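Go ahead and model the full structure; you've got the sequences and the hints to work with.
First residue of the sequence shown? That's 1 in the UniProt record's numbering, and the numbers climb one at a time after it.
Since the hints were derived computationally from the structure, they do not count as laboratory data.
Model, not experiment: these values are computed from the prediction.
Hints are supplied without guarantee of correctness; some may be wrong.
To be verified - Ranges between beta-carbon positions, derived for each pair:
id: 1; residue 1: Pro17; residue 2: Pro72; range: 30 to 36 Å
id: 2; residue 1: Pro61; residue 2: Glu106; range: 34 to 40 Å
id: 3; residue 1: Trp103; residue 2: Val63; range: 32 to 38 Å
id: 4; residue 1: Gly57; residue 2: Trp111; range: 22 to 28 Å
All C-beta atoms in this analysis are idealised placements derived from N, C-alpha and C, irrespective of residue type, glycine included.
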Amino acid sequence: MMHGDKWYLVAYDIRCPRRLRRVQREIVKDAQGLQQSVYLVRGSRQYLQELLGRLEGHMEPSVDDLRAYPVPHPARLWCGGAMVSASVERNESVEAIGVWWDWLSERIRRWRASA
1 MMHGDKWYLV AYDIRCPRRL RRVQREIVKD AQGLQQSVYL VRGSRQYLQE LLGRLEGHME
61 PSVDDLRAYP VPHPARLWCG GAMVSASVER NESVEAIGVW WDWLSERIRR WRASA
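In structure tokens:
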């Protein structure tokens with residue numbers, strides 16, 4: 001991680017399918033998808049602001065929603081459901097974090113290798 005880089009969770013709710021596709025095409029260039037409309041971004045505050053500005057350019061502010069939340073580290077997130085291995089119960093958050101972090105690390109490695 002470069003000096004000053006931080007993790008952010010970016011989520012959006014876009015009403016129009018056309019605008020949604022445009023935002024999706026833009027965000028996948030710089031972020032790792034976690035769920036539909038939820039992404040993990042790693043970068044400086046300026047990097048995040050530039051990304052959010054590009055996304056906002058495809059949105060209608062009166063009806064669409066875009067949010068970014070700082071995350072101390074992806075391993076601190078708890079995930080359940082389809083993203084987590086079937087062998088992990090939804091309430092076993094410590095185990096789920098480990099499974100999820102392994103999964104995410106592999107996705108990020110593949111994503112970077114393909115870029």
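Here is what the structure says about each hint:
1. Pro17 <-> Pro72: 30 to 36 Å: 34 Å, holds
2. Pro61 <-> Glu106: 34 to 40 Å: The hint (34 to 40 Å, Cβ to Cβ) holds, given that Pro61 and Glu106 are roughly 36 Å apart.
3. Trp103 <-> Val63: 32 to 38 Å: 33 Å, holds
4. Gly57 <-> Trp111: 22 to 28 Å: 23 Å, holds
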